[in-house]
Amino acid sequence: MEWLYIACILLSGTAMVIITLIIPFGVFMRYVMNSPLSWPEPAAVVMMVMFSFIGGAAVYRANVHVAVEALLNAVSAGQKRLMLIGVDLCIAIVALFMVFYGGQLCRITWNQSMAEFPALPAGAVYLPIPIAGALTFLFLIERVWVGAPPSTSYMYSDAAADLE
Amino acid sequence: MDILILLGSFALLCALGLPVAYALGLAAICAALWVDIPVEAVMLKISDGTDDFALLAIPFFVLAGAIMAEGGMAARLINMARIFVGFIRGGLALVNILASSLFGCISGSSVADTSAIGSVMIPQMVKAGFPKVFATNVTICGSVQALLIPPSHNAVIYSLAAGGSVSVAHLFLAGIFPGLLFALCLIGLVLWISHKRQYPKGEPVALKDVPKIVVEALWGLVTVVIIMGGILSGVFTPTESAAVACVYAFLVTFLVYRDYHWRDLPRMIHRVVKTVSMVMMLIGFSVAFGYMMAIMQIPAKVTQFFLSVSDNKYVFLLLVNILLLLLGTFMDLAPMLLICTPIFMPVILKLGIDPVHFGMIMILNLGIGLITPPVGPTLFVGCAIGKVTMEEVSKELWPFYGAMCIALLLVTYIPAISLWLPGLTK
Numbered sequence: 044m045e046w047l048y049i050a051c052i053l054l055s056g057t058a059m060v061i062i063t064l065i066i067p068f069g070v071f072m073r074y075v076m077n078s079p080l081s082w083p084e085p086a087a088v089v090m091m092v093m094f095s096f097i098g099g100a101a102v103y104r105a106n107v108h109v110a111v112e113a114l115l116n117a118v119s120a121g122q123k124r125l126m127l128i129g130v131d132l133c134i135a136i137v138a139l140f141m142v143f144y145g146g147q148l149c150r151i152t153w154n155q156s157m158a159e160f161p162a163l164p165a166g167a168v169y170l171p172i173p174i175a176g177a178l179t180f181l182f183l184i185e186r187v188w189v190g191a192p193p194s195t196s197y198m199y200s201d202a203a204a205d206l207e
Numbered sequence: 006m007d008i009l010i011l012l013g014s015f016a017l018l019c020a021l022g023l024p025v026a027y028a029l030g031l032a033a034i035c036a037a038l039w040v041d042i043p044v045e046a047v048m049l050k051i052s053d054g055t056d057d058f059a060l061l062a063i064p065f066f067v068l069a070g071a072i073m074a075e076g077g078m079a080a081r082l083i084n085m086a087r088i089f090v091g092f093i094r095g096g097l098a099l100v101n102i103l104a105s106s107l108f109g110c111i112s113g114s115s116v117a118d119t120s121a122i123g124s125v126m127i128p129q130m131v132k133a134g135f136p137k138v139f140a141t142n143v144t145i146c147g148s149v150q151a152l153l154i155p156p157s158h159n160a161v162i163y164s165l166a167a168g169g170s171v172s173v174a175h176l177f178l179a180g181i182f183p184g185l186l187f188a189l190c191l192i193g194l195v196l197w198i199s200h201k202r203q204y205p206k207g208e209p210v211a212l213k214d215v216p217k218i219v220v221e222a223l224w225g226l227v228t229v230v231i232i233m234g235g236i237l238s239g240v241f242t243p244t245e246s247a248a249v250a251c252v253y254a255f256l257v258t259f260l261v262y263r264d265y266h267w268r269d270l271p272r273m274i275h276r277v278v279k280t281v282s283m284v285m286m287l288i289g290f291s292v293a294f295g296y297m298m299a300i301m302q303i304p305a306k307v308t309q310f311f312l313s314v315s316d317n318k319y320v321f322l323l324l325v326n327i328l329l330l331l332l333g334t335f336m337d338l339a340p341m342l343l344i345c346t347p348i349f350m351p352v353i354l355k356l357g358i359d360p361v362h363f364g365m366i367m368i369l370n371l372g373i374g375l376i377t378p379p380v381g382p383t384l385f386v387g388c389a390i391g392k393v394t395m396e397e398v399s400k401e402l403w404p405f406y407g408a409m410c411i412a413l414l415l416v417t418y419i420p421a422i423s424l425w426l427p428g429l430t431k
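Quick mapping for you: the protein sequence lines, in order, are chains A and B.
In the numbering used here, each residue carries its 1-based index in the first sequence increased by 43.
In the numbering used here, each residue carries its 1-based index in the second sequence increased by 5.
Keep in mind that the hints were calculated from the coordinates and are not lab data.
Wrong hints could be hidden among the right ones.
[As the list claims (entries may be wrong)] Selected chain A positions facing chain B (Cβ under 8 Å, derived; list incomplete):
id	residue
1	55
2	72
3	75
4	101
5	113
6	114
7	128
8	151
9	153
10	154
11	181
No residue lacks a Cβ here, since even glycine has one placed at the ideal position from N, Cα and C.
So here's chain A without its partners, still in its complex pose (with noise of 0.2 Å):
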């Protein structure tokens, strides 16, 4: 799961990468070189939704998706114990729903073309929801069979650098 975890960030960051390089150039083509491009913008978004979903994966399992646990820490450990369990039931079903009807967005569409990139099926665009419930539902089990990723995980390898 450690692999997949650094393939969803890096799959993500090279694409958040990416998209900052292009936008630029595309305004550098249109102001500098007077040729304007049609292909930075959407190429920009199709990398923006994909990695909004893969990243989205891997913060899952990073733990750091914005919760309301003011209840979560008022009550009991046994409490607690149950409403973390309907945590995970809930992130399940999402997940699940995400793999099934976000397949079945991508099947309807697959036939579909992009109107800026005709060689790619409009399916391609929602790719990333079915995926990422997928890898999120893959996270869940190892949360729940595992347990939380040790200390040593790569995932809490990106603490800030020492400010001067």
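Could you slot chain B onto chain A? The hints should help.
Frame of chain A; chain B shown alone:
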């Protein structure tokens, strides 16, 4: 019953401790099943929520802020603030607030601000004789300015939540005076406390050092000129200006400041990916939630309810402020903006409140929520950096809440504070 299914299940799932993004998604799915809408339509909306070009500004602003914060910008802005206010009583506390105003020009996150300014200022303030708790409180309260002062990615989120009809450029301009007013309220309070408790005076900066300090800080502050100048002149869209700012921030950090090491870059991208993915998932699921709210005509019902209570806009604004302050103590800024904006938008339009003005009220109000227990991300980060407990900090936060509420009331009831600058460009 429709409202109960959507909002009730959402509240229940949040109370259970389910991450807000998934709670929004599951509540939307439950509502779709209830009113017989295909779940594929909900999935389509989730994807639609993240494939808007304007949204790309969010990762870019977060990335530019992270590059600048870790690339030595915070220390240089603190040095610049020291020139103006460092020499008076309570000077370091004032430097802290002013540095946050300047830092707000490069980062729109109060957490990033607390982390960057706090890790430099809190130890310095404690060393100079300020109590740890006071130093932490000044840092976390001062950081709320970053949410208002442009560029603020929360303004982009609000614009999106308002249906894209509110100009990001106007929101950016509108944030300048509320941000500065907020800083002034805090400065007034800090001056009063410093005189009352006889906190130490700071050392004046030697005149010969001033030019070097100003030039070094200006390299970073040019970021806001690129962003605002680019947007207002029509050269860039907000998204393009944010991307160009990223490249500029990178060049300044690696070629001019040279404090940051290449080896730290993957770590920073890792952190930015986590932050941005979390926000984007939240946006995707909240768009699906908003879609179900629209289908169930919840905003219209809420409008009816508020108008039945009072059709006076000042009463409405007071009620909304109280409601948001209460909800803000439990929930983070971005999800609250995404959930509440579409609900309140029809009411404010009906009452003749400018959406840009309302955006400033919401961002400032919910920004205060970031430093209120039990759920306050900025408060948590501040306590970790200041090495103080939440209880210690909370006990002494009351005067700061008072100053911040004065700023909130002024921004709420004097629309010109927010609307004068954007009005000049219309």
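Violated hints - listed by number, lowest first: Result: hints 2, 3, 7, 9, 10 and 11 break, sorted rising.
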